[in-house]
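Asks: These are the residues of each chain, in order.
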Amino acid sequence: MKSNPWRSSWFSGFASQPNVLLGDLLSGARTAPLPVRLTARGISMAPFIRDGDVITLRPCRDCPPRTGDVVAFVHPVSEQLLIHRVLAMNGCSFMTQGDNAPVNDGMIPEERVLGRVVAVERNGTRVRFGLGVERFLIVVLVRSKLLHLLLSRLHECA
Amino acid sequence: MNSESEEIVKSDDLVTRRIAGETLIVPVRKGVGDLDSIFTLNEAGSFIWDLIGQGIRFDQIVESLCREYEVTVEDAAKDVKDFLESLELAGLIRFLPDSPD
Numbered sequence: 001m002k003s004n005p006w007r008s009s010w011f012s013g014f015a016s017q018p019n020v021l022l023g024d025l026l027s028g029a030r031t032a033p034l035p036v037r038l039t040a041r042g043i044s045m046a047p048f049i050r051d052g053d054v055i056t057l058r059p060c061r062d063c064p065p066r067t068g069d070v071v072a073f074v075h076p077v078s079e080q081l082l083i084h085r086v087l088a089m090n091g092c093s094f095m096t097q098g099d100n101a102p103v104n105d106g107m108i109p110e111e112r113v114l115g116r117v118v119a120v121e122r123n124g125t126r127v128r129f130g131l132g133v134e135r136f137l138i139v140v141l142v143r144s145k146l147l148h149l150l151l152s153r154l155h156e157c158a
Numbered sequence: 001m002n003s004e005s006e007e008i009v010k011s012d013d014l015v016t017r018r019i020a021g022e023t024l025i026v027p028v029r030k031g032v033g034d035l036d037s038i039f040t041l042n043e044a045g046s047f048i049w050d051l052i053g054q055g056i057r058f059d060q061i062v063e064s065l066c067r068e069y070e071v072t073v074e075d076a077a078k079d080v081k082d083f084l085e086s087l088e089l090a091g092l093i094r095f096l097p098d099s100p101d
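Heads up: the protein sequence lines correspond to chains W and Y, in order. Just so we're aligned, residue 1 is where the first sequence starts under the working numbering, counting upward by one. Just so we're aligned, residue 1 is where the second sequence starts under the working numbering, counting upward by one.
If we strip away everything but chain Y, and leave its shape as in the complex, we get:
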């Protein structure tokens, strides 16, 4: 994550499924679903995951979280940054470079 204005998108090679409030994400590598690498997101993680699917940016995620949960902007921003970096490290999302205006 280089800039907080970058658009966040999900990686293409994933299969997801929502079960009992959790989001299960299976990476697909070379056309094969890897069940040994399942990621499971809790309720708050799933909330953000759904937002990412809407082509949203960092600030918008923080705003949405603050509306949904009882948390300060500073705390939400720090936690969301950590979470997005974890998702990027796991290859589940990528950040699109800022488009020149």
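Here chain W stands alone, though its shape is the one from the complex:
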């Protein structure tokens, strides 16, 4: 017989891996593949996705990522969940980079990509800029490091 451990709390803190759940939901490991909403953290995708924005991810099975899309993936080395833009595709791998990151993430195997960002909400309002046709221009700016340079200068001036 066990002592009663529930007195402190029935609900424990969220200590387990959200990546596993995210992967489950988007891949349909447990149910049919489901779109997922979550709050983005960090500044690597600023200004198009900011810290605290709520993003919606759709399973890749429904809409395979293309160049310029923003995707969620688990990095093969760091095992971190990242949400970055696809700069290039090479067979079954994607080169990704944060719009505001100085370097790319290397090649990400297709099976590591969990979903594609299809919507961004900021303070309850839908933000569209960064996911439309302008994404191709953003790719050019990111690849040439102009966007990061521009954002760094703006940050210095502010």
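Among the hints, erroneous ones may be present.
With a straight-line Cα cutoff of 20 angstroms, these simulated SDA-like cross-link-like pairs (lysine to any residue) come out [as the list claims (entries may be wrong)]:
| no. | chain 1 | residue 1 | chain 2 | residue 2 |
| --- | --- | --- | --- | --- |
| 1 | Y | Lys30 | W | Gly28 |
| 2 | Y | Lys30 | W | Pro59 |
| 3 | Y | Lys10 | Y | Ser86 |
| 4 | Y | Lys30 | W | Arg37 |
| 5 | Y | Lys30 | W | Ser27 |
| 6 | Y | Lys10 | Y | Pro27 |
| 7 | Y | Lys30 | W | Val118 |
| 8 | Y | Lys30 | W | Pro33 |
| 9 | Y | Lys81 | Y | Ser64 |
| 10 | Y | Lys78 | Y | Cys66 |
| 11 | Y | Lys30 | W | Thr39 |
| 12 | Y | Lys81 | Y | Glu70 |
| 13 | Y | Lys30 | W | Arg58 |
| 14 | Y | Lys81 | Y | Gln54 |
| 15 | Y | Lys30 | W | Ala119 |
| 16 | Y | Lys10 | Y | Gln60 |
| 17 | Y | Lys81 | Y | Arg67 |
| 18 | Y | Lys78 | Y | Leu51 |
| 19 | Y | Lys30 | W | Thr125 |
| 20 | Y | Lys10 | Y | Lys81 |
| 21 | Y | Lys10 | W | Ala32 |
| 22 | Y | Lys30 | W | Ala32 |
| 23 | Y | Lys10 | Y | Leu51 |
| 24 | Y | Lys30 | W | Val54 |
| 25 | Y | Lys30 | W | Pro35 |
| 26 | Y | Lys10 | Y | Ala90 |
| 27 | Y | Lys30 | W | Thr56 |
| 28 | Y | Lys30 | W | Arg126 |
| 29 | Y | Lys30 | W | Gly124 |
| 30 | Y | Lys30 | Y | Leu89 |
| 31 | W | Lys145 | W | Cys157 |
| 32 | Y | Lys81 | Y | Val9 |
| 33 | Y | Lys30 | W | Glu121 |
It is worth saying that the hints were derived from the structure and are not from the lab.
Fit chain Y to the supplied structure of chain W, relying on the hints for placement.
Replies: Below, chain Y alone, put in the same frame as chain W:
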């Protein structure tokens, strides 16, 4: 929770996953899994969650807990009532009205 004889059922729009003894529950709203609203149940909470999946009633949960854990019926009843009310408030379970006999 109106009556302790009501049957308890899980809400339909949930995805659950057991990881390292904890139960993670993700509500699904309008067909979208909401990862910002994850509920994580500890071992005892998971024990009860599994019982709820079997269409069980309040008294049966308390009995099962008393068999599994070192606790008095009074304490278990009070704690289970609080826990079920939390689950209901979070929209994770609902109580089916008593069926007329």
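Asks: Looking back at the numbered hints, which does the structure fail to meet, lowest number first?
Replies: Of the numbered hints given earlier, the structure breaks none, since each of them holds.
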